[in-house]
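S.K.: Note that the protein sequences, when read in sequence, are chains Z and L.
Counting along the first sequence from 1, when you hit position 287 you're at 287 in the numbering used here, and nothing is skipped either side.
Count along the second sequence from 1, add 1000, and you get the number used in the numbering used here.
No wet-lab data here; the hints were simulated from the structure.
Warning: the hint list may mix true and false statements.
Stated by the list, open to error - Partial pick of chain L residues on the chain Z-facing surface, computed with a CB cut under 10 Å:
1. S1250
2. E1251
3. F1259
4. P1260
5. D1262
6. V1300
7. G1302
8. R1304
9. R1308
10. A1318
11. W1319
As the list claims (entries may be wrong) - In silico negatives: residues of chain L with every beta carbon more than 12 Å from chain Z:
12. L1124
13. G1252
14. E1369
15. L1376
16. D1379
17. G1392
All C-beta atoms, glycine included, are put in the ideal place defined by N, C-alpha and C.
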Amino acid sequence: MQAAARRPRTNHLDLAQRILDVARQRGFEPGTHLPEQQIASLCSVSRTPVRAALRLLAEQGVVQWEAATGYRLAVDLAAQAAVTTELPAAEEDELAEAILRDRSARRLDQTVTASGLMRRYNADRKTVLKALTRLTDENLLDRAPGQSWLFRRAPDDPEAQGESYEFRLLLEPAALLAPGFRLDGARAAALRQGMEALAALPDPAFDTREFQRLDIEFHGMIADGSANRFITDALSDHLRLRRLPGIYAGINVFRLKQSLREHLTILDHLESRQYEVAADLLRVHLRLSRSQRPQAASRGAPALFGMISRPD
Amino acid sequence: MNRMRKPNPTIALFPEASFGAALNCVGIAQALRARGARPVFICHAGFTGVFADYGFQEYQLPTEDRLSDSERQSYWQAFVRRHLPHFRLSPADQLETYVAPTWEAIVDTAVDAEAPLRQLLARLKPDAVVLDNVIMFPAIAASGCPWVRVVSCAETELPDANVPPYLSGLATGDAARAAFERRYLAAVAPAHERFNRLRAEAGLAPLPKGSFLEASPDLNLLLTPSIVRRERTEPLDPDRFVYLEGCVRSEGPFEVPVFPRDGGPLVYLSFGSLGAMDVGLIERMLAVFDRLPARFIVNVGGLRDAYRAVPDNVYLDAWFPQPSVVAKSDLFIHHGGNNSFCEALRFGVPSLIMPYCWDGHDNARRAEETGVGNHLSRDGWTEGVLERAIVGLLADDAMRARLRENAAHMALKPGTDVAAQAILSLIRT
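Generate coordinates for the entire structure from the input sequences, incorporating the hints supplied.
M.R.: Following this line, the structure appears as structure tokens:
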């Protein structure tokens, strides 16, 4: 955590992401001119941070700078849903990821304190508090009395996974069926491209991390498209838990690919505005992912059942 | 074997309700599917979904499930409480405490499965049945198609004067053999008598004392790789007994996780699904791992929440794509399950075997005898002993070189392919 000084500031990273979101929403194509003033007003900020954020995007090759014309978009955002992953992580983001990783591996207890984390990660109080705030904002942690925080229950044990699927079975089809559902066309196109590319990989080259990203993005797109804001909020909060390390561990490549095919079929129906069919397929998809599997078995003893997560 | 073969024969695979046998059969089924056959699984209640995850059709045996979810949970807690102390006993002392009650339960399974299995096989009409179990199901003999026995345990499962007794963990020629055999026969006699009654009712001839599964008249497959194979007084008929050189399924890729304390060789620990319940033992081992300049991947089953303050060079999780993990490891600490042992050999990785029951004892002994690993009892180790065993195996370059050479040999002829070819050679039009 000592190299913090060279890392970009969080607000510049956030702004860079917002610029990309705006460009994508407005359907900007590669080569589109990005005047600083226009971007500043679209993002409701002043020109100075916009300049820093554009510089950051230029370093990543997402935009190009030319002396004569200024900044231009250099990539096809519709085909690249995950430009954010290319951006460098801010110090507190990196610390937050390390905290989640260590909790998942049970190196951290359910309750953590700021001073304990400062010692463990050799980080200053400000960075630790920012990381804790980020995790609290994302509903992964709860503030507890004193300078302590409590990890929320993650769907990483059979019982919690079962409850998670029950919750999603209730709400995800409802997100589609609430009148006024809107599909983000650019997001859907980028997802389709990503899922098709991943499904085409041979099994030994399959990228589980990319699957995790696409899976969360796919279900997040359904949540975000809902016309009912409470459903969107509840699902978005819950889907964030699926970003935790270990949630996708132990899933077979066959099922992952099957899952991608199910996503693509649901997407077909969403794009043709057959929301009721899409909702039914979504239910089947979630039910298939929520299959009972034994946790333990041996000669002479019946299998121990448990809800083991499968991908969705 | 000049018979015309059916183009898409249905092969019904029937593994016992354990992950070892189940995943071993998945490997064979993958190779059968690649050759155009239609492999399907007959599975016990509770294993539904395991085979579908690999893309195979499942037929669940409609056995009467007497337990609710919470009763099953209680059953398991009681099972573990009852048997954990037994896992620390010698193989001979486990005969009355663990082996005999286990055989009783296995006979229960065979009795319960008989009627539904007959109905299912009559409906399925498979072209061959592959049985990966330790007990015969009379319905299979009555099915009218060829059947294949997969010897899922160590080679000791097939008796021979020159092979130590099954489950004994004894060395070849050990003077304790006769006493162990007497004690074994006495301990399992009630279960065996009950099993022979089932056979008689189904029209099958009784089996000799202590034997629960005959050799198939058609084909028998043994996993035992040649590097650990035994010399038999009466060699097995090569027309009916085929050695597979292991039988490792293909799994998805495994990405080695980031460790806060990174660097050093990679060690994988898995005691199988039942062994993962011995949390106390694994906790003691983690304390030793913390001191060593290596990274440890630990399979803890569904018990992750039982662990606290896990060391920075340890990563634990509920499940791993084991063959892909073993392939990246420098040492595999396991319980001597036959699949684990074969996977270690297939990828040229030394084994440190800490057996708790069944043929784990036999494989542990064999690993030491043949110089492919080391053997540590689950109870009689101190921190220093475990540390020396791990460091010693990691530093044994000669063993590693020999294992790598053997692994290259095993890779040339995958056991799954040999098994699939042998099974398909039985199919007639």
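S.K.: Interface hint check: L:E1251, Cβ to nearest Cβ on chain Z, cutoff 10 Å. Holds or violated?
M.R.: Given a least distance of 8 Å, the restraint on L:E1251 holds.
S.K.: Interface hint check: L:D1262, Cβ to nearest Cβ on chain Z, cutoff 10 Å. Holds or violated?
M.R.: For L:D1262, the interface hint is violated, since the closest Cβ of chain Z sits about 12 Å away, which is over 10 Å.
S.K.: Beyond 12 Å from every Cβ of chain Z: is that where the Cβ of L:L1124 lies?
M.R.: Non-interface label stands for L:L1124: nearest chain Z Cβ at 22 Å, farther than 12 Å.
S.K.: Per the CB criterion, is L:V1300 less than 10 Å away from chain Z?
M.R.: holds (9 Å)
S.K.: Is the Cβ of L:G1392 more than 12 Å away from each Cβ in chain Z?
M.R.: L:G1392 is indeed farther than 12 Å from all Cβ atoms of chain Z, at 27 Å.
S.K.: Under the criterion of a CB-CB separation shorter than 10 Å, is L:W1319 in contact with chain Z as hinted?
M.R.: holds (3 Å)
S.K.: Closer than 10 Å between Cβ atoms is the bar; does L:A1318 clear it against chain Z? Give me holds or violated.
M.R.: holds (6 Å)
S.K.: Under the criterion of a CB-CB separation shorter than 10 Å, is L:P1260 in contact with chain Z as hinted?
M.R.: holds (7 Å)
S.K.: For L:D1379, is the shortest CB-to-CB distance to chain Z above 12 Å, so the non-interface label stands?
M.R.: L:D1379 is indeed farther than 12 Å from all Cβ atoms of chain Z, at 19 Å.
S.K.: Taking the minimum C-beta separation from L:G1252 to chain Z, is that value above 12 Å?
M.R.: violated (4 Å)
S.K.: Grab the minimum beta-carbon distance between L:L1376 and chain Z and tell me whether it stays above 12 Å.
M.R.: For L:L1376, whose nearest Cβ neighbour in chain Z is about 21 Å away, the distance exceeds 12 Å, so it holds.
S.K.: So, as I understand it, the hint says L:R1308 touches chain Z; can you test that by seeing if any CB pair is closer than 10 Å?
M.R.: holds (6 Å)
When the structure is compared with the earlier hints, violations turn up for hints 5, 13 and for no others.
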